[in-house]
Amino acid sequence: MYKGGRIIAGLLLFACLALMPFLINIGKAAAKPSPQVNTPFIQQLTTQTCVEPAAFMKTEHMQLLNQWRDAALRDGKTVYVNSQGQSFPISLENSCLKCHSNPQQFCNTCHTYAAVKPYCWDCHNQGGTSQ
Amino acid sequence: MWAWREVRELKILYPLLGVLALVLLAYAGVVAHLNVFFGIVVPYLAFLLFLVGFMVRVITWGRSPVPFRIPTTCGQQKSLPWIKQNRLENPSSALGVVGRMTLEVLLFRSLFRNLKTEKRGDRLAYGSAKWLWLGGLVFHWSFLIIVLRHLRLFMEPVPVLITQLGDLDSFLQIGIPLFYITDGLILAALTYLFLRRVLVPQIRYISLQADYFPLFLLLGIAASGVLMRYVWKVDIVEVKALTMSLVTLRPEVPLSIGAIFYIHLFLVSALFAYFPLSKLMHMGGVFLSPTRNMINNSRSVRHINPWNYPVQVHTYEAYEAEFRAKMKKAGLPLETE
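If you're matching them up, the sequences are chains E and H in order. Letter 126 of the first sequence, counting from 1, is numbered 918 in our numbering, and no numbers are missing. Letter 177 of the second sequence, counting from 1, is numbered 608 in our numbering, and no numbers are missing.
Isolated chain E (complex conformation) (with noise of 0.2 Å):
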């Protein structure tokens, strides 16, 4: 090789940097996040669920908080209708943080998971309390 000592240097520097990702995670057992649900107003609740399906929620929780934004603030309008017809205050504070009173314990961990960080708590705060 010409010049093979800087080519196999330069080599070994790709290497490290693709397989950085598994060079940093040696030894390591990643742990999946757990959201706690088990609150003392969510083990008062007869039928455990939330506003909509837990799948749902999942993905589109974020979505829905966005348009819980707009309603509230922008419409005036106070109820969310539910998939099923259930009626629910458009409320932070009021309705999410009333069963989800750790936000701690369950948005924040999978928020800090992925590496979300949801504006959320610019305005509102975490403790649940209405303003």
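Hints are computed from structural coordinates only; laboratory data are not their basis. Don't take every hint at face value.
Restricting the straight-line Cα-Cα distance to at most 20 Å, the calculated cross-link-like pairs of lysine to aspartate or glutamate (EDC-like) are [unchecked claim]:
no.	chain 1	residue 1	chain 2	residue 2
1	E	K824	H	E683
2	E	K890	E	D914
3	E	K820	H	E683
4	E	K824	H	E669
5	E	K909	H	E669
6	E	K820	H	D598
7	E	K850	H	D666
8	H	K664	E	E852
9	E	K824	H	D666
10	E	K850	H	E669
11	E	K909	H	D600
12	H	K664	E	E844
13	E	K909	H	D598
The hints should help you fit chain H onto chain E, whose structure is shown.
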């Protein structure tokens, strides 16, 4: 109709059908519940092919002899002390070469010099043509940022720099989930690069299937990623659970995540596997460009051809010694009596 000839000649149609076939294959895998194959086996295999193939290609290139300096430069060579040298365009030191290569890789300076030749009336005109440079730069930088952003799925905890990169990319705060600027840029740049190939007659003439296929593949990857983020959303926690299980070498049978994820993953795997076989190897090849990576020191350092072998020569002295008697007889002048 534009480009109809190329479609008829299957230059565009075959690559397009190829990418569509890959999409259908991944979808068939989802329907048939082949999650282990498409979620674990294919990505590992594709990554292995990428890594080994990349190395083999570069080492093969490295074995080609490069005996001489190729001073194809765009600036004044190092010369007399009162002539100003262009240290970046015509470097005489390793540092200059590193500078030239770095700027080439990061900013595509060679492409920035791209010219367009036109006949204006009966005169030949040369004008600057920067659109390809801009389109290429936007595509490559967007792609790099997108790849770096994806590292959030391969690290736990996620480094602050990766999170901040995502924050910066989504700082416009458009929609939910937040719109990434690079998502829009990469689709726009790839669309431009494709339209350039079909709309400019000269470029269309020289474009091959190997040019269209990577474009369609990258468009497929970007489009499936964008659809997965904004339209047919998937459970990102399940996705990261799968990617983390892959990089910790404890692969787990992924739960059903959603067809669009498997399509995205399969197209990315196809890109990885195809990479070493294709023109995409310019990623490694740019570092081996002789006109970019060589110090122009032909006048200060003697470069000896590495495959020089000892040449049998017959010197005049030996010739005269051999034929002295005959030359003398013929009356030819002799250097030594």
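Checklist line | Enumerated hints in conflict with the structure, sorted upward | finding: The structure breaks only hint 6.
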